[in-house]
Amino acid sequence: MRTLNLGILAHVDAGKTSLTERLLHAAGAIDEIGRVDDGSTQTDTLALERQRGITIKSAVVSFLVDDVTVNLLDTPGHPDFIAEVERVLHVLDGAVLVISAVEGVQAQTRILMRALQRTRVPTLIFVNKIDRAGADADRVLDAIADRLTPAIVAMGSTRDLGTPSAEFVPFDATDADVTSRVAERLAEGDETLLAAYVEGLAISDDRLWGALAAQAHGAVVHPVFFGSARTGAGVGELMAALTTLLPAVTGDRDAPLSGSIFKVERGPAGEKIAYVRLFAGVLHARDRLRVRDVEQTVTGISAFDRGSTRRVPSLAAGQIGTVRGLANAMVGDVIGTAATTGAERQFAPPTLEAVIVPRDPAQMGVLHAALAQLVEQDPLIDLRQDDARHELYVSLYGEVQKEVIEATLADDFGIDVEFRETTTICIERPVRVGEALEVRGQGENPFLASVGLRIEPAPPGSGLTFGSEVEVGSIPPAFLTAVEDTTRQTLRQGLSGWEVSDGLVTVTVCDHRPPPVPVGGFRDLTPLVAMAALVRAGTTVCEPIHRFRLELPGDAVGAALAELARLEAAPSAHEAQGSSWVLTGTIRAARLRELHQQVPGLTGGEGVVEDAFDSYQPVTGEVPTRPRSDHNPLNRDEYLLHVAGRV
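Letter 403 of the sequence shown, counting from 1, is numbered 385 in the numbering used here, and no numbers are missing.
No lab work stands behind these hints, which were simulated from the structure alone. Here the structure is a predicted model, which means the values were calculated and not measured. Each residue gets a CB set at the ideal place from its N, CA and C atoms; glycine is no exception. Worth double-checking, as some hints may not be accurate.
Across the chosen pairs, the derived CB separations fall in these ranges [stated by the list, open to error]:
| id | residue 1 | residue 2 | range |
| --- | --- | --- | --- |
| 1 | V564 | L623 | 54 to 60 Å |
| 2 | A196 | F401 | 46 to 52 Å |
| 3 | T131 | V421 | 42 to 48 Å |
| 4 | S147 | G200 | 35 to 41 Å |
| 5 | A392 | R288 | 43 to 49 Å |
| 6 | G583 | G603 | 24 to 30 Å |
| 7 | G603 | G536 | 31 to 37 Å |
| 8 | G583 | A196 | 46 to 52 Å |
| 9 | T174 | Q579 | 21 to 27 Å |
| 10 | T213 | Q579 | 51 to 57 Å |
| 11 | E453 | H556 | 21 to 27 Å |
Use the sequences and the hints to build the structure in full.
Listed below in structure tokens is the structure:
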């Protein structure tokens, strides 16, 4: 049986969870359609999701369409939980992007579509809520073509738009006008079809609709459907298209095992449950797996089946399931051999960091343990501990995520917390080449190890990369690994306390000549060498910059430009679009919240602002610093006292 791992993506409130319920009901997987407002949906299982009426964690449900098992992944729509979307992108075979027929293309819609295009995930578009007052199919189609992609094929029209009796009317595949329009669109991605179209040759229905399926499978075009998750209009046509216009897979069961963990949660007894997509091979219960360099036994496997889960003896290529027994598994871990899936990060990391403290100081240890569990489920929370100040820091996307963390800690762990100051997260980039070397038995080196490092600038956006000039085979791999891991950990705090990025680190010396040196000596020495090299390289502190798009009435343009100047934004263009104006440009992330707060008042409530991370740029003016939370290898005496005390 073939499998389709399908993502449902949308801007918050576009109706994707309601569409999930309607699809499950239409497939016979559930008897009653749940409602988001009632907290009775299949995928919003967290108490907090039911209370707020939003999706916070991605969820998986399964149903059958003909001979295809569809594993449907319902993802969050709120931008504060974009990391949940990122985690599922690389396990998808196809996606449905839901857009409201009333609100149209929104900020998050554009971010999601760009990510789907980057990862080349075949995508259908479902314009939902055609039964709602204010629905406008033509306006939304124009917005999709203008702001998302022109490579779309409308698969029908609407009738009684904006009324409870609104319907989706599929186009007649034999209609000459329809086939001509579809052929014109498809010809742009098919040379043989283009030649036939230009020469006026007859194109058979099979040839035309086969080309549509092929280009949809290849993410070249995106078929557009209209309907209503509330009434069921158009849902049948969308469901039929899942198996014809999106690529279901069988997978290679005989290939070496290859899979990815895209979600981690805890069971009733606190046991870890890993959500796994297998790309190749077969995983059996009782198999031994090496995850994070630790060999563990798979104690149980469950597959998704018609709205629920069931225990199974194995999981095969193409399938998604849950695996128990992997006690140290984390999101992003590889099962077996790595697959080329486009799993690299698609969204910007969090740009905010907040101090979190328990209201009862005696619960600091319990809070740390609870946050460590949340980090397992969401690595981008990035827990950081400052032992000297007895403070914990977490990375965040926004205020809603902060509220969710606070509620989760109270409900699931019984810990009342408060967030204190929130700051913008900067990075540090190396300025020039810097080298340092500590040789065993020479100078002030007290360790039985020799380590040399070179740090140099790398292209923006490349992160931190590593190389080695140490002769292969001259030293056990564990020693080089210790130096690289420790360097990476040390450079999470640069000269000004921010994480070092966009640099190339090269191990120039790693010596363990007799007598034998314990690997701990390399771990203790490396921070001193890394920071000495970084001091010689120097760093520039860079802050996150967001691009913005502000749509507003024409009479508010002057006031908006003045406000953008006050916020130190850099407008790049402004143009009229009908009766509205659109301003675009960039703004420091630190001033972004002010912009969102000011827009309603400046525009009489008619302005709409969208933003997305753009880049990191050097800070102008006073350079922000972050207190160190390590043992300060910048201060040799302080660091050595710590090492001596620890030993």
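- Item | Hints not upheld, ascending by number | When the structure is compared with the hints, numbers 3, 5, 9, 10, 11 turn out to be violated.
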